[in-house]
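Chains as they are written, first to last, in numbering that gives the first Met the number 0: chain F, 0 to 492; chain H, 0 to 212.
Everything labelled a hint here was simulated from the structure, so no lab data went into it.
Note that this is a predicted model, so its numbers are computed, not measured.
For each residue, glycine too, the CB sits at the ideal point set by N, CA and C.
Do not rely on the hints blindly, as some may be mistaken.
Per the computed footprint, the stretches of chain H lying under chain F, defined by three or more beta-carbons under 8 Å from a beta-carbon of chain F, are [unchecked claim]: (1) 34-42; (2) 59-72.
No farther apart than 20 Å at their CA atoms in a straight line, the calculated lysine to aspartate or glutamate pairs in the EDC-like style are these [unchecked claim]: (3) F:Lys342 to H:Asp37; (4) F:Lys339 to H:Glu29; (5) F:Lys339 to F:Glu323; (6) F:Lys342 to F:Glu329; (7) H:Lys55 to H:Glu165; (8) H:Lys189 to F:Glu252; (9) F:Lys274 to F:Glu252; (10) H:Lys189 to F:Glu221; (11) H:Lys161 to H:Glu68; (12) H:Lys189 to F:Glu263; (13) F:Lys345 to F:Glu326; (14) H:Lys55 to F:Glu224; (15) H:Lys161 to H:Asp125; (16) F:Lys272 to F:Glu252; (17) F:Lys339 to H:Asp37; (18) H:Lys189 to F:Glu224.
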Amino acid sequence: MSDSEATAAEGPEVAPNSQDASSASTPDGSTPTTPDIATDVAPTRKARRRPDTKTSAEAEQTSKVEQQPPKTSSESTVSQGGWGYWGSWGKTILSTATATVATVGQGLTQVIEKAETSLGIPSPTELSTQVEDEQQQQGDASSDTDAAVGDGSSAVGSAMGMLSSLTSVVQNTGKTVITGGLDALEFIGKKTMDVIAEGDPGFKKTKGLMNRNATLSQVLREAKEREEQQTAEEESSDSEKKVVAHYGMLFDEFQGLSHLEALEILSRESESKVKSVLTTLSGDKLVELREELDHIKDSFSLMEFDDEDVDEKKDEDGTEFEREISEALEGLSVSSTADKLSKTCKSACRQITDMTHPENEEEESEEDVKKTVSVEDVHAAAIRSLAELTARSIELFHKVAEMILFSNSSTEAGVLSQLTVVLCKEISLLSKKFTSCLTAAGSNEKGDVLNPLITGVFLEASNSASYIQDAFQLLMPILEISHIQRSAESTEQ
Amino acid sequence: METIWLYQFRLIVIGDSTVGKSCLIRRFTEGRFAQVSDPTVGVDFFSRLVEIEPGKRIKLQIWDTAGQERFRSITRAYYRNSVGGLLLFDITNRRSFQNVHNWLEEAQSHVQPHSIVFLLVGHKCDLEAQRQVTQQEAEKLAAAYGMRYVETSARDAINVEKAFVELTRTIFDLVRSGDIKIQDGWEGVKSGFVPNTVHSSEEVTKGSRQCFC
Chain F
0 MSDSEATAAE GPEVAPNSQD ASSASTPDGS TPTTPDIATD VAPTRKARRR
50 PDTKTSAEAE QTSKVEQQPP KTSSESTVSQ GGWGYWGSWG KTILSTATAT
100 VATVGQGLTQ VIEKAETSLG IPSPTELSTQ VEDEQQQQGD ASSDTDAAVG
150 DGSSAVGSAM GMLSSLTSVV QNTGKTVITG GLDALEFIGK KTMDVIAEGD
200 PGFKKTKGLM NRNATLSQVL REAKEREEQQ TAEEESSDSE KKVVAHYGML
250 FDEFQGLSHL EALEILSRES ESKVKSVLTT LSGDKLVELR EELDHIKDSF
300 SLMEFDDEDV DEKKDEDGTE FEREISEALE GLSVSSTADK LSKTCKSACR
350 QITDMTHPEN EEEESEEDVK KTVSVEDVHA AAIRSLAELT ARSIELFHKV
400 AEMILFSNSS TEAGVLSQLT VVLCKEISLL SKKFTSCLTA AGSNEKGDVL
450 NPLITGVFLE ASNSASYIQD AFQLLMPILE ISHIQRSAES TEQ
Chain H
0 METIWLYQFR LIVIGDSTVG KSCLIRRFTE GRFAQVSDPT VGVDFFSRLV
50 EIEPGKRIKL QIWDTAGQER FRSITRAYYR NSVGGLLLFD ITNRRSFQNV
100 HNWLEEAQSH VQPHSIVFLL VGHKCDLEAQ RQVTQQEAEK LAAAYGMRYV
150 ETSARDAINV EKAFVELTRT IFDLVRSGDI KIQDGWEGVK SGFVPNTVHS
200 SEEVTKGSRQ CFC
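All chains should be modelled from the sequences, with the hints used to inform the complete structure.
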């Protein structure tokens, strides 16, 4: 149980989360969406674990799905519908997250859950089919889409009012949102953090989820614990129920949580060492060191994830990924961990190939696809692969941190940010492949079966990318202390 | 996937380089013995469920630390969140036995303000012919520090289960008696989820309601 939860929770232990949510959102309860979050959290979680049991919240959403224009409608309608939902998502993030810094981490998990019902369900199939469509007819479609996006975002703009900076971001990247669900989720998530940071100066220093009260591993651990509790309840109440793939539990199984925690320990220690060094310095030396540290900090905030590249590249078996990883890691002695990562990626690629292979043949084989690979199987494979790849990525960062600390070698932040980009790209690419796989396997399924699964994959992929980026941020104090120690050594000589 | 467990204990495994820490853990968690293995860098992680009483399962999360001196500054950071530990020495390597004292001091000073339950393990007991440390002197040392002593072999799978289960049971008793408490912000002991909370809801919630902020 986290510190932040312990201080906030006053009611029965079972519902610390909704407690937190309501206490977090009361300060600016003026937004109409705010009460929604608190009440919605629990049912939404349930809906994700067990798509077959319908809560009232989800039923409501499903009816909205039916009101959506049919798939055959023009692209402009689709994107407009989509934008409305994006808009409300952004708003939810802000109303939850600005309340207090301490609850940002939790606010975000709620947002992610929330996003599933409020924006995900109507569009994921459309998104993923459209990815394929667009790739085929990229040229002529783009002008249409751009126009449509202009409409949609201005509508959202007025609805969101104060969020002008977010809307402008959205306007600029409109096309990306439609072509790739994950990129959009991730991109908007990242920009939202910036917006939050602008409105809250105290937050800026601890960009990402890294504030003292809710560490990333705590957020993840709580997610895992909820899943475990749920699985335990399911096991005892109904043994026949299909066990749904739980990202958090799988992430822990691959020791992702432990590596993350160890990385956090090292990061925190380094941070306090840096601070204590700074307090011992004065005058020019202090100014000089501050400048040097700012330089390191800059390389950590400059990282941009360019999702344009992701569509271009086709890495069928993961060899391209392996090459990029070993390129990025040259000079850091973490080859065995990097090998594990490449293996994970290759195995994911192999699974995708196995699952999509029958589809390459003629129409008749459509039947085979349905029989041999169920949508649940594809979904489980996708979640498992994402969890494993993320866990291995965190492990890699942890090992890199240990190597930097003990070898005291000079490691460029640029190398690490390059690594982060490669990892996030891979996550994005995998999620796209898996969702096309899902769409193919579920062509005969009803939307209310398929959509939550596709949404689930996109959301966990988006989570994965944020975890990786946050883990990257944890490396900053480690590079700082390493730099300090190296310069101390050189002056001694 | 087995998800029902009463508690999770975090254990740390320490001792000189090459005494066989990783091999012992791998034998315990994976049931196999690797003839060749790379030296551990920093820390690695393993986990396994142990059933200490019928229906009472404990999840062990094992932190496998690097024994090499050059990693010491890093591994020190990892002690704090462990409730128990295996302190290994190699019975064919007298020096590793003499270092037991240093390891204990090192651990005690970095685990503050918490305490940690250690089990002394004389490893590689299959190599009887090369033995440099007698069982009697090891037992004496263990007793002096209030530890139990077990001799194990990862290669021949001797006493591997016993070492982990015994430590787990000791910790479990201390948790049950209230000598070790679950605390927020400390990862040493975590309570798990028990369906139909018949037998243990009290013990599980007892500690976790306390606030140490």
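### Query
Do the alpha carbons of H:Lys55 and F:Glu224 lie within 20 Å of each other, as the hint requires?
Within the cut-off at roughly 18 Å; holds.
### Query
Does H:Asp125 lie within 20 Å of H:Lys161 when you go C-alpha to C-alpha?
holds, 16 Å
### Query
Are the Cα atoms of H:Lys189 and F:Glu221 separated by 20 Å or less?
Roughly 12 Å between the alpha carbons, so the hint for H:Lys189 and F:Glu221 holds.
### Query
Regarding the pair H:Lys55 and H:Glu165, is the alpha-carbon distance no greater than 20 Å?
holds, 15 Å
### Query
Taking only the CA atoms, is the gap from H:Lys189 to F:Glu252 under or equal to 20 Å?
holds, 16 Å
### Task
Assess, step by step, whether the Cα of H:Lys189 is no farther than 20 Å from the Cα of F:Glu224, and give holds or violated.
Between H:Lys189 and F:Glu224 the Cα gap is close to 10 Å, so the pair holds against 20 Å.
### Query
Count the residues of the stretch 34-42 of chain H with a beta-carbon closer than 8 Å to any beta-carbon of chain F: does the count reach three?
holds (count 4)
### Query
Regarding the pair F:Lys345 and F:Glu326, is the alpha-carbon distance no greater than 20 Å?
Holds - the C-alpha atoms of F:Glu326 and F:Lys345 are around 17 Å apart, at most 20 Å.
### Message
Against the 20 Å threshold, does the CA-CA distance of F:Lys342 and F:Glu329 hold or violate the hint?
### Response
Holds, at roughly 18 Å.
### Query
Within 20 Å, alpha carbon to alpha carbon, are F:Lys339 and H:Asp37?
Holds, at roughly 14 Å.
### Query
Quick one, are F:Lys274 and F:Glu252 close enough, alpha carbons at most 20 Å?
Roughly 35 Å separates the two Cα atoms, so the pair is violated.
### Message
F:Lys339 and F:Glu323 were given as a pair; does the straight-line alpha-carbon distance stay at or below 20 Å?
### Response
holds, 14 Å
In this structure, the hints that do not hold are numbers 9, 11 and 16, in rising order.
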